[in-house]
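Chemist: Sequence:
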Amino acid sequence: MSGFEFYESIKPFSDFAEVGESAHYHAAPDDWVVGACDVVRSTEAIGAGRYKAVNMAGASVIAAAMNALGRQRFPFAFGGDGAVFAAPGEERETLATALAAVRDWADEALGLTLRVALAPVSAIRAKDRDVRIARFAASPDVDYAMFDGGGAAWLEAEMKAEQTEPLPSTPGADPDLSGLSCRWAPMVAQRGVILSLIALPAGDGSAAADAFRPTMRRVLDMFEAEDRAANPVPAAGPELRTSEDAMRLEAQAAGVGGDEEAALKGIKRESWIAKILFMTGIPAGGLRPRRYRKELVANSDVRKFDDGLKMTVDCTTALADRVEALLAEAERDGLCRFGVHRQDQAIMTCLVPDYTRPDHMHFVDGASGGYAMAAARMKEKMRSEDQ
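Sequence positions in the sequence shown follow the working numbering and run 4 to 390.
Everything labelled a hint here was simulated from the structure, so no lab data went into it.
Just so you know, not all the hints are guaranteed correct.
Taking lysine to aspartate or glutamate pairs in the EDC-like style, the calculated list, with each CA pair at most 20 Å apart, reads [stated by the list, open to error]:
(1) K382 / D362
(2) K278 / D357
(3) K268 / D248
What follows is a list of derived Cβ distance ranges for each label pair [said to hold, decoys possible]:
(4) G261 / A301: 30 to 36 Å
(5) R244 / R386: 28 to 34 Å
(6) E383 / T97: 35 to 41 Å
(7) E263 / E229: 41 to 47 Å
(8) D18 / A238: 17 to 23 Å
(9) K130 / R293: 37 to 43 Å
(10) E263 / R44: 21 to 27 Å
(11) A238 / K271: 34 to 40 Å
(12) A287 / D110: 34 to 40 Å
(13) A160 / E242: 35 to 41 Å
We treat Cβ as the ideally placed atom computed from N, Cα and C, and that holds for glycine.
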């Protein structure tokens with residue numbers, strides 16, 4: 004089973020506490036490919052206040068791949084300043100063209116350098132890593148892929164070390180970023196702090212992963228004790244309030260290959276109409292505002308396993324302290340590597356191919372760098388240990 008039916012055949016699980024159970028994960032076919040992207044010097048861009056642009060660039064690869072593949076279901080994971088995905092190998096050339104186009108668009112439109120890479124699953128396995136995939140059902144309408152086996156992390160590391168095959172540009176090839184948007188206001192912490200967390204096994208291979216799982220389960224248990232599993236998205240949904248900068252970012256995506264200013268005017272008009280509809284709850288044109296808000300909350304991507312545990316959660320400062328102490332102890336015991344970043348708001352980047360359907364997706368990150376800053380702090384500790 005090597006086509007898109009492989010991913011469709013995986014039975015989703017709905018209890019995130021089971022994310023570490025190996026029975027949920029299935030080996031990707033040898034002839035599939037894994038793709039990755041990463042914003043170069045993302046911490047500098049975030050320090051300059053460009054965190055929404057960084058998130059937009061990270062999510063753009065998912066949008067471009069999804070549109071290039073005709074919106075077929077395929078596994079992907081958003082990581083703040085980057086993303087990973089897997090797809091059938093027969094789609095390699097299509098994906099290579101889309102990735103290179105996104106890379107060029109990010110440079111020209113956003114002023115950000117985006118690394119991109121593709122590698123066959125067979126080549127990853129030749130490096131003693133694996134690509135195993137699970138499906139977590141965030142809601143009845145949306146599931147998100149979980150990656151295990153170290154293969155995705157290996158590709159990201161090779162990409163950052165410039166050890167992957169360059170993807171050449173195709174003249175005249177613009178990425179299709181339809182559905183990519185960021186129209187919701189930042190979500191202020193309700194419990195005390197927005198905590199972005201990355202925790203990885205301390206080493207490579209199945210033994211390191213097995214040793215890490217009890218620590219991961221203890222962390223998840225601590226958050227599960229919180230109301231709504233510490234979801235940073237308010238129960239009634241975030242406020243629909245779009246800044247000029249956010250609308251221009253969306254226009255840069257919507258206006259690829261066309262008139263960006265016309266796209267911006269259209270987005271402003273749509274945002275004004277949508278604000279009225281969401282304020283009043285009046286249905287219009289297939290949009291059911293009250294239903295959409297409920298779907299948005301349920302569909303939000305706030306926790307994942309991408310060769311390690313990654314979460315952006317709303318919790319008390321005391322709980323954040325306890326979680327960080329637990330991970331620090333596990334790190335001293337050689338069980339994990341971790342980084343955290345605390346902030347007072349979370350942000351959302353959305354992928355909405357059709358607002359009348361219930362399968363719209365919403366990627367959540369910390370508003371002052373989130374995952375990128377947590378990863379940077381983890382790397383700082385590792386560099387200090389090596390000195």
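Chemist: Hint by hint, work out which the structure violates, then give me just those numbers in ascending order.
Modeler: Numbers 1, 5, 9 and 11, in rising order.
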